[in-house]
Amino acid sequence: DAGVIQSPRHEVTEMGQEVTLRCKPISGHDYLFWYRQTMMRGLELLIYFNNNVPIDDSGMPEDRFSAKMPNASFSTLKIQPSEPRDSAVYFCASSPGGTRHHPSSYNEQFFGPGTRLTVL
Amino acid sequence: AQKVTQAQTEISVVEKEDVTLDCVYETRDTTYYLFWYKQPPSGELVFLIRRNSFDEQNEISGRYSWNFQKSTSSFNFTITASQVVDSAVYFCALSDSGGGADGLTFGKGTHLIIQP
Numbered sequence: 614d615a616g617v618i619q620s621p622r623h624e625v626t627e628m629g630q631e632v633t634l635r636c637k638p639i640s641g642h643d644y645l646f647w648y649r650q651t652m653m654r655g656l657e658l659l660i661y662f663n664n665n666v667p668i669d670d671s672g673m674p675e676d677r678f679s680a681k682m683p684n685a686s687f688s689t690l691k692i693q694p695s696e697p698r699d700s701a702v703y704f705c706a707s708s709p710g711g712t713r714h715h716p717s718s719y720n721e722q723f724f725g726p727g728t729r730l731t732v733l
Numbered sequence: 051a052q053k054v055t056q057a058q059t060e061i062s063v064v065e066k067e068d069v070t071l072d073c074v075y076e077t078r079d080t081t082y083y084l085f086w087y088k089q090p091p092s093g094e095l096v097f098l099i100r101r102n103s104f105d106e107q108n109e110i111s112g113r114y115s116w117n118f119q120k121s122t123s124s125f126n127f128t129i130t131a132s133q134v135v136d137s138a139v140y141f142c143a144l145s146d147s148g149g150g151a152d153g154l155t156f157g158k159g160t161h162l163i164i165q166p
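Going down the list, the protein sequences come from chains W and B. In short: position in the first sequence from 1, add 613, done, that's our numbering. In short: position in the second sequence from 1, add 50, done, that's our numbering.
It should be emphasised that the hints constitute simulated quantities derived from the structure, not laboratory data. A hint or two may mislead.
[Unchecked claim] Subject to a maximum C-alpha distance of 27 Å in a straight line, what follows is the list of computed DSSO-like cross-link-like pairs (lysine-lysine): (1) B:88 / B:158; (2) W:637 / B:120; (3) B:53 / B:158; (4) B:158 / W:691; (5) B:53 / B:88; (6) B:88 / B:120.
Just so you know, these numbers come straight off a predicted model, no measurement behind them.
Let the sequences and hints guide you as you build the complete structure.
So, in structure tokens, the structure goes:
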């Protein structure tokens, strides 16, 4: 399996522009998570989905941020308009969820390589 | 609310020394899970271990060992005979599920530098 795929790996944009980050989870995984990593705040959960449905978006910083999961193999995190303080590494992670032998409480999250976003 | 504290921002040791990374957590849940992740200079997050709140047995994996103590709400990580390749940022994390069905709450990380 290719693992969690994120694109682009690096993004440089100017303040006010729209930014779209993309994530392809591991096939068969039911959960998808978006995290943000900054020097000041560390790693923070932004939002997560179960079976394409957003479950908890309480970590989304403000209305400029939105996330969608139109199908089981694709998710986007959009920032519109972007600001310099949005500069961070954004990680996507996925998890298998539960099975009869391994209920969801025992499954780890597999992280993608991250997207480094720089907003000038 | 859940909270993870890694008080050591940066640790520097000479190769072959043993080093312990501290992790203290807070949660109101009686069932929870603790994790350690490694982030090497390349930036990816590498899963190291998961423990549940009902299992306080210490675990050893090669040069790595973990000491879980509920009485002090700590989940410390020790690297024995450290190597330069161990240089990375190490994160402790907490979840009230196994981590697969809920988000992780991360500590701020400890930057470990192993000098040759």
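Structure-based check of all given hints:
Distance restraint check for residue 88 of chain B and residue 158 of chain B: the Cα-Cα separation of roughly 12 Å lies within the 27 Å cut-off, and the hinted pair is therefore satisfied. Of the pairs offered as hints, the one joining residue 637 of chain W and residue 120 of chain B is violated, with about 37 Å between alpha carbons and a cut-off of 27 Å exceeded. A hinted pair counts as satisfied when its Cα atoms are at most 27 Å apart, and residue 53 of chain B with residue 158 of chain B qualifies at roughly 10 Å. With a C-alpha separation of about 25 Å, the suggested pairing of residue 158 of chain B with residue 691 of chain W holds against the 27 Å cut-off.
For the given pair, residue 53 of chain B sits about 19 Å from residue 88 of chain B by alpha-carbon distance, which is consistent with the 27 Å threshold. Note on residue 88 of chain B and residue 120 of chain B: the hinted pairing holds, with a Cα-Cα distance of about 23 Å set against a maximum of 27 Å.
Going through the hint list in order, the structure does not satisfy hint 2, though it satisfies all others.
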